[in-house]
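S.K.: Here is how the chains run, residue by residue.
There are 4 protein chains.
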Amino acid sequence: MTMDFEYSPKAKDLQNRLLAFMDEAVYPAEEVYEEQMRSSGDPHFYPPIIEDLKSQARSRGLWNLFLPHKTEWTEGLSNLDYAPLAEISGRSHLAPEAINCAAPDTGNMEILTMFGTEEQKEEWLRPLLHGEIRSCFSMTEPAVASSDASNIECSITRDGDEYVINGRKWWSSGASSSRCKVAIVMGKTDPKASPYQQQSMILVPLDTPGVKLIRDLTVFGYTDREGHGEIHYDNVRVPISNLLGEEGSGFAIAQARLGPGRIHHTMRSIGAAERALALMCKRARSRVAFGKTLAEQGTIQTWIADSRIEIDQARLLTLYAAWLMDTVGNKGARTEVSEIKVVAPNVALRVIDRAIQVYGGAGVSEDTPLARMYAGQRTLRLADGPDEVHRMTIARRELRKHE
Amino acid sequence: MTMDFEYSPKAKDLQNRLLAFMDEAVYPAEEVYEEQMRSSGDPHFYPPIIEDLKSQARSRGLWNLFLPHKTEWTEGLSNLDYAPLAEISGRSHLAPEAINCAAPDTGNMEILTMFGTEEQKEEWLRPLLHGEIRSCFSMTEPAVASSDASNIECSITRDGDEYVINGRKWWSSGASSSRCKVAIVMGKTDPKASPYQQQSMILVPLDTPGVKLIRDLTVFGYTDREGHGEIHYDNVRVPISNLLGEEGSGFAIAQARLGPGRIHHTMRSIGAAERALALMCKRARSRVAFGKTLAEQGTIQTWIADSRIEIDQARLLTLYAAWLMDTVGNKGARTEVSEIKVVAPNVALRVIDRAIQVYGGAGVSEDTPLARMYAGQRTLRLADGPDEVHRMTIARRELRKHE
Amino acid sequence: MTMDFEYSPKAKDLQNRLLAFMDEAVYPAEEVYEEQMRSSGDPHFYPPIIEDLKSQARSRGLWNLFLPHKTEWTEGLSNLDYAPLAEISGRSHLAPEAINCAAPDTGNMEILTMFGTEEQKEEWLRPLLHGEIRSCFSMTEPAVASSDASNIECSITRDGDEYVINGRKWWSSGASSSRCKVAIVMGKTDPKASPYQQQSMILVPLDTPGVKLIRDLTVFGYTDREGHGEIHYDNVRVPISNLLGEEGSGFAIAQARLGPGRIHHTMRSIGAAERALALMCKRARSRVAFGKTLAEQGTIQTWIADSRIEIDQARLLTLYAAWLMDTVGNKGARTEVSEIKVVAPNVALRVIDRAIQVYGGAGVSEDTPLARMYAGQRTLRLADGPDEVHRMTIARRELRKHE
Amino acid sequence: MTMDFEYSPKAKDLQNRLLAFMDEAVYPAEEVYEEQMRSSGDPHFYPPIIEDLKSQARSRGLWNLFLPHKTEWTEGLSNLDYAPLAEISGRSHLAPEAINCAAPDTGNMEILTMFGTEEQKEEWLRPLLHGEIRSCFSMTEPAVASSDASNIECSITRDGDEYVINGRKWWSSGASSSRCKVAIVMGKTDPKASPYQQQSMILVPLDTPGVKLIRDLTVFGYTDREGHGEIHYDNVRVPISNLLGEEGSGFAIAQARLGPGRIHHTMRSIGAAERALALMCKRARSRVAFGKTLAEQGTIQTWIADSRIEIDQARLLTLYAAWLMDTVGNKGARTEVSEIKVVAPNVALRVIDRAIQVYGGAGVSEDTPLARMYAGQRTLRLADGPDEVHRMTIARRELRKHE
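Protein sequence lines correspond, in order, to chains A, B, C and D.
Per the UniProt record's numbering, the very first residue in the first sequence carries number 1; after that it's consecutive.
Per the UniProt record's numbering, the very first residue in the second sequence carries number 1; after that it's consecutive.
Per the UniProt record's numbering, the very first residue in the third sequence carries number 1; after that it's consecutive.
Per the UniProt record's numbering, the very first residue in the fourth sequence carries number 1; after that it's consecutive.
Note that these hints are calculated values from the structure, not bench results.
Yeah, the Cβ is synthetic: ideal placement off N, Cα and C, and Gly gets one too.
Misleading hints may appear alongside valid ones.
Said to hold, decoys possible - EDC-like, lysine to aspartate or glutamate: derived pairs with alpha carbons at most 20 Å apart:
1. A/K401 - D/D306
2. A/K10 - D/D4
3. C/K331 - B/D4
4. B/K401 - C/E274
5. A/K292 - D/E403
6. A/K292 - B/D148
7. B/K331 - C/D4
8. A/K401 - D/E296
9. B/K331 - C/E6
10. B/K12 - C/D4
11. B/K401 - C/E296
12. A/K282 - A/D353
13. A/K292 - B/E153
14. D/K282 - A/E403
15. B/K401 - C/D306
As the list claims (entries may be wrong) - Covered, in the sense of this in silico footprint (three residues per stretch, anywhere, with C-beta under 8 Å from a C-beta of chain C), are these stretches of chain B:
16. 6 to 19
17. 281 to 292
18. 298 to 305
19. 308 to 321
Please model the complete structure; the sequences and the hints are all you need to start from.
M.R.: This is the structure:
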């Protein structure tokens with residue numbers, strides 16, 4: 001083993017195939033998608049073009065690439081090999097679902113692979129891996145700061161052969177789609193246990209009585225197709241066999257879920273940043289003010305240079321974190337995962353914001369994808385732990401070296 | 001005369017009356033407004049509550065406060081006395097229209113007052129001052145960097161007793177409302193004149209044949225009630241009496257229009273920032289994470305302190321610019337007006353962004369006004385000249401001192 | 001009273017006289033000063049040119065301008081009238097001492113005026129006001145975070161008719177000069193009292209046995225002429241009549257001392273920033289790279305514009321704080337004083353750093369005053385309370401509004 | 001070849017040996033060094049401890065590690081293997097010279113290796129490689145912006161068998177040492193050639209008549225031991241055999257020189273940043289204010305986390321640039337080299353500045369190495385091309401992708 005920054009032959013092959021898929025299928029589909037959505041009149045419509053893309057991706061061998069470990073269900077691809085694919089998929093909002101690598105399904109599939117019973121896998125993992133259904137993840141609660149897991153108020157109470165779930169969750173992303181069939185819900189089975197053993201996760205089919213989708217949250221004015229649901233779990237009863245793992249393992253499962261998921265998000269953020277930088281350059285070359293193209297003006301050049309520097313650094317740090325996860329495990333990579341979780345959305349936001357400024361009015365409107373990308377990246381400074389919690393984690397580990 | 005930071009008795013009286021109006025009428029109206037808009041199903045609906053607020057404002061003597069000079073039409077209020085009122089009105093999106101001090105009508109009314117013929121004033125200024133109609137301002141063009149006025153492509157060509165207007169404009173804010181009756185259009189009457197004498201402004205009733213509202217632009221994902229119109233002026237013919245001022249005076253009128261308008265925008269930005277800071281503090285006091293309220297955590301305290309510092313500085317600089325306009329005129333205040341034009345939206349964006357972070361998911365959604373405020377403020381780094389053009393202006397003036 | 005940004009006639013007259021003094025005497029003296037210092041070979045030499053400047057300043061009526069209140073000892077000048085004079089004096093390191101308005105004497109003279117006995121005033125205030133001696137202020141201790149006054153370890157113990165002082169102090173600025181005759185020392189007379197009543201201040205002539213000047217601290221490689229002393233007070237005995245105010249009043253006196261002192265520092269920081277901006281502009285106009293002067297390059301223009309914006313804001317905020325001190329008292333201005341304490345050195349550092357970058361190698365060397373100015377301003381983010389403590393103060397006050 | 005972030009076995013072995021050398025020899029030598037310098041009374045003294053360290057380093061096989069290519073003179077070590085050694089050596093100002101890897105000798109030795117004649121190598125490269133003499137590099141000129149090579153004014157004129165050199169250079173680092181025996185001087189042999197073929201480099205023994213060391217520049221207030229010389233080359237005559245490479249190749253040689261040199265500087269900057277972060281953590285753990293250690297306070301934790309994130313990113317980007325240089329050559333790595341040239345000193349400055357703030361007064365004084373490190377890093381934003389020139393380079397390459 002020796003330091004090398006060249007992607008593996010396998011990774012390069014997949015990248016080439018994914019890039020071809022993007023050029024030949026995904027980008028051309030974007031306009032079709034817009035048209036199908038518009039004509040449906042339903043912001044939560046499932047447009048046929050997605051199904052087309054999915055079938056193409058499957059036939060190109062670009063399917064379920066996100067699962068790191070070889071199982072009976074999937075071939076497995078290392079985090080390091082998957083990361084650049086996630087980046088490429090981040091350039092178009094259609095790509096992640098097209099290759100069945102979209103959040104929150106990826107994380108849900110991963111924990112089902114790792115912690116699910118055979119029965120649970122047959123019922124939920126199989127159709128998710130086949131892209132037949134979608135799923136959501138109900139952890140965050142409106143009433144409390146959910147980045148501190150000890151704050152969770154949702155209760156999961158044993159009652160005979162059933163668990164009874166009561167709680168209010170929001171940002172259950174994906175829940176507004178009619179194709180979303182199951183939620184993984186985090187709640188407390190034992191509020192008196194030690195802080196990180198109070199929580200459990202449980203599988204809740206969305207058609208269970210008592211599951212009430214209250215509303216769909218907007219993000220900076222945008223209604224996302226899959227939606228961000230607020231769900232009231234009101235005396236919801238499921239069989240005890242729906243528990244994921246053991247009672248009290250919820251926090252540990254959440255941690256296991258988050259490592260690779262953060263790599264995915266981060267690399268997609270970098271893909272988004274690259275797209276914004278490319279748009280910025282194109283605009284800067286064509287737009288003229290005060291007798292020069294914007295590309296010839298020092299201020300714009302500074303923005304382009306800083307964007308390139310920030311993106312390159314964020315990518316390398318993410319690849320390093322992915323490599324650590326592959327070599328020393330998710331736990332050994334925790335500091336670096338927190339680092340990229342802070343870095344990548346902030347880089348993407350800065351780059352997108354500069355691109356908006358270069359586009360002027362077009363930048364904030366629907367004439368470019370920039371404002372929508374901005375809105376999406378902005379949520380990532382909050383989702384899966386706000387920046388501040390990750391910084392606290394990083395600082396504590398750094399300080400520990402000097403004990 | 002001697003330095004004094006106390007508002008004048010007149011300003012304080014108006015502030016108190018406006019604050020009472022906000023508390024007693026405007027804030028309570030916000031919910032009514034949401035309900036009336038929702039039930040109308042039309043994003044460009046004109047809800048009755050606005051008319052109620054307008055009539056209340058009139059009876060409280062809070063009407064048309066923005067006009068700096070005493071004329072036969074208005075009493076006149078100095079920029080310095082009006083500025084804090086603009087700040088207060090910036091705290092609610094309902095307030096500016098309620099007191100008939102909303103952009104772009106204010107700027108349009110001001111230039112009609114200054115440059116309009118008696119006939120033009122009777123036809124357009126009177127109903128605008130009475131709040132009976134609204135207006136829009138068509139300067140920015142999609143095809144060119146419009147911050148450089150020499151780029152303007154819209155043509156205004158004399159043909160007998162008429163001018164013929166051809167051009168495509170966008171960000172004609174207000175144009176989507178059925179109450180918008182007239183546009184002030186900037187175009188070139190003489191493309192061969194010296195760069196700043198090529199342009200003229202002309203009054204175009206929106207029902208003139210050839211005026212085509214192409215579409216309404218969104219800002220981030222928001223559709224504004226008054227809308228941001230893209231308008232195609234396609235062989236539009238108006239009588240020569242519709243010209244505002246003289247041929248070739250368009251650039252000069254634009255400059256005259258912008259001074260006070262920037263004070264208004266800036267002070268409303270500061271009002272928005274104050275509201276975001278207040279929301280941030282309230283949230284920080286009530287939200288608990290890791291055993292402490294957010295208000296007790298150093299990082300949040302830093303955000304609050306920096307917000308207070310930035311807001312206080314931006315307000316003082318704006319008041320100073322207003323005072324300069326009152327004492328040495330718009331031209332003498334140009335550097336300072338450029339300074340506040342850069343400062344205020346950037347301060348507001350930073351404060352709002354911090355508030356979003358403190359609110360978590362609620363911050364980006366419709367549960368707080370923050371994301372919408374962010375979108376609005378973000379456009380102000382582009383409207384009326386992007387930050388970069390103002391910085392260039394400031395730098396040139398500074399460098400001139402060392403010639 | 002009504003808002004007005006014009007300096008008072010008295011302030012303008014003093015400014016004009018001080019500006020004339022700068023042009024006619026201070027700036028020309030800078031070279032003489034360098035030569036006298038160099039030829040002395042002693043970094044703590046008192047060069048005759050200072051005494052010349054002092055006598056000129058006195059004859060021009062530019063002497064002891066800093067004292068805000070009229071007493072039998074001084075005429076008094078409001079903080080608001082003095083502030084712009086402090087700014088002007090900040091442009092040259094010779095000016096503050098030349099007009100007898102140099103720290104730490106100013107603060108020491110002020111508390112002697114307010115809290116000193118007649119005897120103390122005769123002995124120390126009189127020669128300080130006459131510029132015959134200098135003084136230092138011993139509060140900060142090397143061993144503890146002294147921004148938290150409860151950490152102070154220096155003891156002041158009553159023993160019969162004497163107090164015995166034991167402690168180690170540093171950053172006792174001015175102590176390295178042979179002209180420094182007295183220290184005001186902060187220590188604890190009663191460590192068991194409530195946190196803010198444990199401390200007292202006491203006058204210690206520097207020739208008292210047990211006063212040991214351990215060393216003189218450098219600042220970024222620079223040895224300041226008056227020096228920054230580390231002093232060991234080792235069983236130092238002074239008569240009880242040397243106590244300033246009452247036992248337990250040390251913290252309160254420190255607070256009283258800091259308000260105006262912070263205005264002075266802040267305005268001098270702004271003066272330094274203005275000088276750096278002027279130097280940057282001059283260099284940018286004359287230096288050519290890649291076919292254009294630096295002044296024509298967008299990046300440099302951005303720096304100039306941002307510097308102008310930041311300076312103008314910082315000045316206005318400081319003037320506002322000064323006005324508050326004059327009108328509602330030091331206590332009522334505490335938030336604003338903390339705000340300017342944070343803002344001004346940070347603005348000055350940013351402006352100076354940009355100027356250094358424009359000067360290239362000359363910027364970090366002795367060929368410009370920039371590096372030395374940087375070092376001086378950098379200490380002001382620590383002296384009289386670090387930025388972080390002031391931010392905490394501001395945040396707490398802001399949060400209190402929402403209780 | 002496949003992506004791997006593990007250092008090579010060779011690199012790890014060298015790192016371990018260098019770390020041992022640091023612990024066993026370098027750090028303990030720092031105090032001895034200070035004492036030898038102090039007692040010499042000469043800021044340019046060559047203290048015996050350096051010679052001790054050099055002999056130890058040689059016997060440990062830690063000598064001349066910087067040369068990337070295997071030649072008859074050196075074994076060669078890849079940039080990627082050397083980079084982490086440069087980082088380690090950056091932690092102590094004694095280490096680079098101790099292992100004969102100090103600037104500007106490294107760059108000079110490299111171009112002598114690549115472009116020197118056998119005679120030049122015997123005369124200058126041999127004693128440099130043996131650590132017997134030192135050298136300086138005379139490129140920058142006080143009168144012009146030297147980052148634009150076409151500005152160079154120094155002339156190198158052929159006169160029979162000699163070249164005559166006339167020009168004024170500064171920041172000829174190392175020239176103040178009596179051990180510095182030769183300068184490599186950049187000047188114009190043909191001012192009429194195309195812009196990048198006007199320059200040549202020539203070897204000038206410092207004892208040649210006409211070489212006048214005018215003065216030694218300070219950096220902030222520091223006098224560096226090797227000094228930063230301003231040299232007047234006044235009708236200096238050297239034989240034509242002293243030309244390095246061919247006439248007109250000066251710009252190309254400068255480019256060849258800069259690639260690896262920038263890696264070295266960057267990695268040493270990162271070493272400095274790591275040291276500052278470690279110091280910050282130690283201080284934060286031990287210092288108490290307002291009832292908590294600084295390490296427990298959110299603001300300080302944010303600084304520590306951001307420092308860790310910034311350092312990790314800068315290191316990975318530098319390693320990537322080093323790998324590119326090794327695999328595709330210096331030219332193929334130019335964008336990335338410009339990126340790290342901007343990133344590393346800025347990261348180091350931010351981290352050091354935070355550490356200073358945590359140390360309070362000790363941070364700006366001689367009680368910590370921080371202020372001196374700050375001064376050193378600050379010059380690196382100017383040396384070898386200011387940030388702005390590198391940003392311009394990066395932007396142009398990025399824009400070229402969209403032609």
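S.K.: Determine for every hint whether it applies to the structure shown.
M.R.: Status of each hint after checking the structure:
1. A/K401 - D/D306: 16 Å, holds
2. A/K10 - D/D4: Satisfied, since the Cα-Cα distance of roughly 14 Å is no more than 20 Å.
3. C/K331 - B/D4: It holds: about 19 Å lies between the C-alpha atoms, which stays within 20 Å.
4. B/K401 - C/E274: Given pair B/K401, C/E274 holds - Cα atoms ~12 Å apart, limit 20 Å.
5. A/K292 - D/E403: 16 Å, holds
6. A/K292 - B/D148: Judged against 20 Å, a Cα distance of about 11 Å means the pair holds.
7. B/K331 - C/D4: Holds: B/K331 and C/D4 sit about 19 Å apart, inside 20 Å.
8. A/K401 - D/E296: 15 Å, holds
9. B/K331 - C/E6: 18 Å, holds
10. B/K12 - C/D4: 15 Å, holds
11. B/K401 - C/E296: At roughly 15 Å apart (the allowed maximum being 20 Å), C/E296 and B/K401 satisfy the hint.
12. A/K282 - A/D353: 15 Å, holds
13. A/K292 - B/E153: Given that 20 Å is the threshold and the Cα spacing comes to 17 Å, the pair holds.
14. D/K282 - A/E403: 8 Å, holds
15. B/K401 - C/D306: Answer holds: B/K401 to C/D306 is near 16 Å, not above 20 Å.
16. 6 to 19: Our answer is that it holds, as 5 residues pass the Cβ test (under 8 Å) against chain C, meeting three.
17. 281 to 292: It holds: at least three residues are needed, and the region 281 to 292 of chain B offers 4 whose Cβ sits within less than 8 Å of chain C.
18. 298 to 305: holds (count 6)
19. 308 to 321: holds (count 9)
In the structure shown, no violation is registered for any of the earlier numbered hints.
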